[in-house]
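Chains as they are written, first to last, in my numbering: chain S, 1 to 185; chain X, 186 to 391; chain P, 392 to 589.
It should be emphasised that the hints constitute simulated quantities derived from the structure, not laboratory data.
The reader is advised that the hints may include incorrect statements.
[Stated by the list, open to error] Each computed BS3-like pair below joins lysine-lysine, with the alpha-carbon atoms no more than 27 angstroms apart: (1) X:K191 / S:K30; (2) S:K6 / P:K512; (3) P:K396 / X:K293; (4) S:K140 / S:K90; (5) S:K6 / P:K397; (6) S:K6 / S:K77; (7) P:K397 / P:K512; (8) P:K452 / P:K393.
[What the hints assert, rightly or not] DEER-style ranges, computed between Cβ atoms: (9) X:F286 / S:D67: 29 to 39 angstroms; (10) P:L453 / S:E38: 37 to 47 angstroms; (11) S:A71 / X:P254: 39 to 49 angstroms; (12) X:L378 / S:L9: 31 to 41 angstroms.
No residue lacks a Cβ here, since even glycine has one placed at the ideal position from N, Cα and C.
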Amino acid sequence: MRDFIKLPLVLFLVALIAGMILGVTNYLTKEPIRMQHEMALRNAREELFPDSEFITLEELSLSEENDNVIAVYESQKDGILVGYIVTMEKTGYAGAILLNYGITIDGMITGVNVGTNSETPGLGAKASDVEFTGQFIGKKNVTLVKGTAIADDEISAITAATITSQAVVDGVNQAIVVSDLVMEK
Amino acid sequence: MTGFTKIVLIVISAALVNNYVLSRYLGICPFLGVSKKVETAVGMSAAVTFVMVMASVITFLVQDLILQPTWLAKLGVENIPDLRFLQTIAFILVIASLVQFVEMMIQKTNPSLYSALGVYLPLITTNCAVLGVAVINIREGYNLVETVANSFGAAIGFGLAIILFAGIRERLEYSDIPKPFIGFPIALIAAGLMSVAFLGFNGLIG
Amino acid sequence: MKSLKKIFLNGIVDENPIFRLMLGLCPTLAVTTAAINGVGMGLAATFVLVGSNLVVSLLKKLIPEKIRIPAFIVIIATFVTVVQLVMEATLPSLFNALGIFIPLIVVNCIILSRAEIFASKNTPLAAVIDGLGMGLGFTLAITLLAAFRELLGNGTLFGLTVMGSTYEPALIFIMAPGGFILLGFILAFLNAMRKEGA
Numbered sequence: 001m002r003d004f005i006k007l008p009l010v011l012f013l014v015a016l017i018a019g020m021i022l023g024v025t026n027y028l029t030k031e032p033i034r035m036q037h038e039m040a041l042r043n044a045r046e047e048l049f050p051d052s053e054f055i056t057l058e059e060l061s062l063s064e065e066n067d068n069v070i071a072v073y074e075s076q077k078d079g080i081l082v083g084y085i086v087t088m089e090k091t092g093y094a095g096a097i098l099l100n101y102g103i104t105i106d107g108m109i110t111g112v113n114v115g116t117n118s119e120t121p122g123l124g125a126k127a128s129d130v131e132f133t134g135q136f137i138g139k140k141n142v143t144l145v146k147g148t149a150i151a152d153d154e155i156s157a158i159t160a161a162t163i164t165s166q167a168v169v170d171g172v173n174q175a176i177v178v179s180d181l182v183m184e185k
Numbered sequence: 186m187t188g189f190t191k192i193v194l195i196v197i198s199a200a201l202v203n204n205y206v207l208s209r210y211l212g213i214c215p216f217l218g219v220s221k222k223v224e225t226a227v228g229m230s231a232a233v234t235f236v237m238v239m240a241s242v243i244t245f246l247v248q249d250l251i252l253q254p255t256w257l258a259k260l261g262v263e264n265i266p267d268l269r270f271l272q273t274i275a276f277i278l279v280i281a282s283l284v285q286f287v288e289m290m291i292q293k294t295n296p297s298l299y300s301a302l303g304v305y306l307p308l309i310t311t312n313c314a315v316l317g318v319a320v321i322n323i324r325e326g327y328n329l330v331e332t333v334a335n336s337f338g339a340a341i342g343f344g345l346a347i348i349l350f351a352g353i354r355e356r357l358e359y360s361d362i363p364k365p366f367i368g369f370p371i372a373l374i375a376a377g378l379m380s381v382a383f384l385g386f387n388g389l390i391g
Numbered sequence: 392m393k394s395l396k397k398i399f400l401n402g403i404v405d406e407n408p409i410f411r412l413m414l415g416l417c418p419t420l421a422v423t424t425a426a427i428n429g430v431g432m433g434l435a436a437t438f439v440l441v442g443s444n445l446v447v448s449l450l451k452k453l454i455p456e457k458i459r460i461p462a463f464i465v466i467i468a469t470f471v472t473v474v475q476l477v478m479e480a481t482l483p484s485l486f487n488a489l490g491i492f493i494p495l496i497v498v499n500c501i502i503l504s505r506a507e508i509f510a511s512k513n514t515p516l517a518a519v520i521d522g523l524g525m526g527l528g529f530t531l532a533i534t535l536l537a538a539f540r541e542l543l544g545n546g547t548l549f550g551l552t553v554m555g556s557t558y559e560p561a562l563i564f565i566m567a568p569g570g571f572i573l574l575g576f577i578l579a580f581l582n583a584m585r586k587e588g589a
């Protein structure tokens, strides 16, 4: 009978102390974590629309197929609407990839910023490299090709990382559609 | 795409395309440890399947109801507590308790299986595939049905990998292998070749 | 009772968790695609191992035998969560690179087995030294494997180009099969060396 009470009690105590320690750690790390995310967003914005102001669009009301869109920001220079940053999650090879796309009001891509992801170094992780993302700048709707990109709207996939490359391409095309939808409103 | 198609794709993806052992590198310890005989491999996969699916369901509920209780908003609660930092502790405790429970059940209903699995049964607790699939379900944002589909697919994939591998290892016992390679080295290389075969599934789902 | 020096070296050579005990293989194969990730994972696991060994050893008289495994698990999970939170706050790129394998440190068989086999039966100081030794052995082993995979599969080491532009990387080494096969060969090599020296 004593065991019946003592055992769960000790376990409960251990779990309680553990929980308290974690609560404190969580409290201490909350702010630094939030700042990391903010810094990443700021860097993305600078890269896609340098020296611009950004307004977060609140009521998005997008259809279900755009469920993966996290946020849309209006990009303005001197008070004039220049384009949008569409932030979304696409499933890559090893989980979700955070992607920020810069789209002008003419539907042209200003850049692709690859955020948090767990893609394999040397393969999918190469999507963050400028060799890959640089291809998108100045293009409109794009298609993925393996090997060298010839036509104006082609993007060359990363060797042996087609899934990751396709996710980024699908995402940018979706971003163009979304920015169109938002502009109409 | 329809809901049903999505479910089927999740199962196939978890079992073949992103096989939990051969491509995600989860569940390696039991994969190498329990795969010497096809019989034990079959018994182990059955136990793992049960634990994996049940653990995924329970951890999903824990995440949804306790760790990130968004349902409280419907009751009008303003400041919803965010206990996501307790995920690791909560999940592993669920899995450990579940394995204890399964152990007791097998001991009572099938004592021969119990002694065959031996120490490997409690080791399911440390099977990274079980905790892995529970965490992946949350990260992928699956709902309850998709969670069950994913864990079931993962378990099938694990079973497939471990049983095929046991078959290969039973054959290896009779082969002439250079001395340094006997045991784990040749097993790892064989696993690598299996992994190459599974790479072929990569383009299966669009 | 072994000397502290022996306990430390034990984890690195004689009972190296990966090369001898064959424990902790999941992260070994998964995060060794880049040397820096190997180091990161190794150090994170070492922190957890040392911490949990210390706490388990300090509490060994207070924890009833029957619930020791769940108690160990709670202790280990606490340290893992601390590592998770601190890493997310301070080293976001490593945090993303290691992905789900950070929470998976809690089921790294090395940590639970050292708690059970060593920490619960030895003094806190010995437990800490054992944790350091095993942790370092683990870190060295996975960094070695990661270095090979990164070098052969990407031509770089710790992100720095080593192999020169004429080297065509053998991508297979970074992909799943490469990990299995390379580890198999390394183990065979070590077996061969051991037999000759024995």
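(request) Any hints from earlier that this structure breaks? Give me their numbers in increasing order, please. (result) 1, 3, 5, 6, 11 and 12
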